[in-house]
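These protein sequence lines map, in sequence, to chains A and B. First residue of the first sequence: 0, per numbering that gives the first Met the number 0; consecutive thereafter. First residue of the second sequence: 0, per numbering that gives the first Met the number 0; consecutive thereafter.
By construction, these hints were calculated from the structure, which means they are not laboratory data. Be careful, since some hints might not be right.
Here are the simulated lysine-lysine pairs, DSBU-like style, with alpha carbons at most 30 angstroms apart [stated by the list, open to error]: (1) K335/B / K64/A; (2) K178/A / K385/B; (3) K324/B / K335/B; (4) K340/B / K138/A.
The structure presented is a predicted model; accordingly, all values stated were derived computationally and were not measured.
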Amino acid sequence: MTIIRNQAESRSPFPGGAYREIDELIQGNPALWRGCDMAGQGDHGRSTGFAQLDDILPGRGWPDKGLMEVITPQWGMGELQLLIPLMRSVIEQGKWILWISPPYLLYAPALTQAGINTEQVLLVDQGTSCKDALWTMEKALQTENCGLVLAWQNWLPDTVLRRLQLAADSGDTLGVLFKHNVSKHSQSIMKLKIKGSPGESSRFKGSEVTVVKARGNFRPMSTRIKLYQPD
Amino acid sequence: MEDPDSTGQLPSPSIQGKASAQVLKLPLSLGHPHRSTNKHGLDRNELGKNGLGNEVRSKAKPNLWYALYLPQLDQLPESQQKTYLNQLAGLMQDVSSTVSFHPQALICEIRSSLKYFSGIDNIHRKLSEAISEKLQQWQLPEQFSYAASPTISGSLLLARSGHNRLVYRQENLRSALGELSVEVLDLNKEQHRRLYNMGVRHLRDIWRLPSSSLRKRFGSHFVDLLNKALGKAPEPTHNYLPPPAFTTSYELPYELESLDRLLPIADELIAQLCDFLTQRDLSTSHMVFSLLHEKRSATEINLGLRIASRNNEQLMLLLETHFSKLLIPAPVIAVKLKVKKFDAFFGQSESLLVGGRPSGSNSGSSNALDQFMDQLQARLGSERLKNICSVAEHCPEYASQRQNYHQQNKTAMSKQVALNPRPLWLLAQPQQLRVNKGRLYHRSNISILSGPERIESRWWTGEDIRRDYYVAEESNGCRLWIYRERRGERNWYLHGLFS
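In isolation and in its complexed conformation, chain A is listed as follows (with noise of 0.2 angstroms):
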């Protein structure tokens, strides 16, 4: 209603004036649908550090806060080489990473050459049971002062998800899950899926990212990056 009475008021003086009204709408509301229309979209979010990444997400970056879901056909597939320029700036803020049971040894001197430091970075070990696993996941997503929460857990039910996307909420925390397997109707705010090159025929070295899923962009969308550094 109120939006009516203000182009109203706002059309007779300036006859092009409802778009203007229209445009701060959309600049101001990130998470109105816009279509096919990415472009308009702002750059609120924090940038992946992938330039053919940037491009595909709604707000060109990371979301701020919420559960994101990375899908990986097996473990080691340079998932965490999409993240570090995320962990950078997470350390950068002074907030810590937190590490729930991942499922090899976390390496300390790749950190340290990827520039996180770690003494903001805290491990749950692996044989924490599954149910301690995600309740230490939601206290960590409601806590402020963990900026990443990273954790691998293959298989959880759709109202799990619910929950700590609502956790990841609360707390202005992003939570990143790890899993093999897409589930098709959860909650959370981003999913990304990551296939390897294919075979060694093709030349093309670089991994290819899916976008299944992101809040504010309405079809899957992929491009091809390359993950790891130049050898």
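Since chain A is already given, all that's left is putting chain B on it; use the hints.
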């Protein structure tokens, strides 16, 4: 009837009479002249009687001070004397509510506990057993002297003389003290010499001397001491204050099996604790919450905090976290909360400006982080929560160190790491790779991208490490860190994933 009474009261010495009349006149203005005077007369009588009664009672039941003198403490340093005396005072608290400190001596009031222990002999036996045990424990000579009398200084002097006497009545004190040698008095050498030259050998010789001349020659301190010993002057005590301890418990009206239903009771106990802490300006970092069961030992929950707190909500949150993973073996019949360790409370200053940050930069958020870590440790156990850091070490397995969260040692950390690429994931055990038709094979074919990086290390420990590391890529796009042994069968191993 009333008039004679009031007139009977009125005749009194001139000045005092005037004063009392003035005092008495005050209620007259209230409008009940006769009655009030009468009443006051009665009051005065009663008052007099009461006063007399008090006097009689105070003569019949003055305090009885039990003194304990430990001459062996004299050789110890002062701080140790203090700790020993403190511990002994703790023991003496079993028999008396008032324990007073004196040099190398402790004194407690036992008149009030005579009835309870049925006689001074029992009290003495109880104390001497406990004290001998303590002295044995400290490897000190097991000798101590004791005495009891109606005054503190009197008991102290009697104990010092080593006579181990009991003087019940104050009127006997003079003669009892008179037998003591003047050596027991706490005087300097010059004063002792002077007393000796005066022909004073025992205290009874002093009794014969006029106090005014004594005061002139030996100072008022000396006379005060004697007056105190005889009960003629008030004696201040240096009371022993036990360290603060908080214990509270709640007996449930019926057995409870569900811990959720215990929460309101726990909340109540913790609120009591927080009140206790607030009143004493303390905070705590460790408390024990016990759940008592019938015919079973109690379940104890140790609540530890990273930073001492007295925040009701924080403590409650921690307790709830503990409860959530706790399995109780039997229904709970009572709960008990005990806190023995306390810390000083450090408050946080709020910002003066509305919406501004607190003055200590980031202190608020680090506090929140500590709370979160406490909660995590409570749920997961402290050994589950790890920090990692790089260590200056060539051998890849040892270059990353995991430590329990709270025991970070920053000395081992190094900012310098190898320049060659390192993987984010390391396999706990290197995994041997197959060679398939002359090509390396893991999940699919592997092709080498870069290398080798030769690492030879730890020959001094017996496990000789001689490896050539390569960065390789699987055909599905996974980047791997593999190595080849440079000895034995020269096998290939997968050691890490770049992920």
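### Query
CA of K340/B to CA of K138/A, is that 30 angstroms or under?
Satisfied, since the Cα-Cα distance of roughly 29 angstroms is no more than 30 angstroms.
### Query
Does K64/A lie within 30 angstroms of K335/B when you go C-alpha to C-alpha?
violated (42 angstroms)
### Query
Straight-line Cα separation of K324/B and K335/B no greater than 30 angstroms?
holds (19 angstroms)
### Message
For K178/A and K385/B, compute the direct alpha-carbon distance and say whether it is at most 30 angstroms.
### Response
holds (23 angstroms)
Hint 1 alone, counting from the list given before, is not met by this structure.
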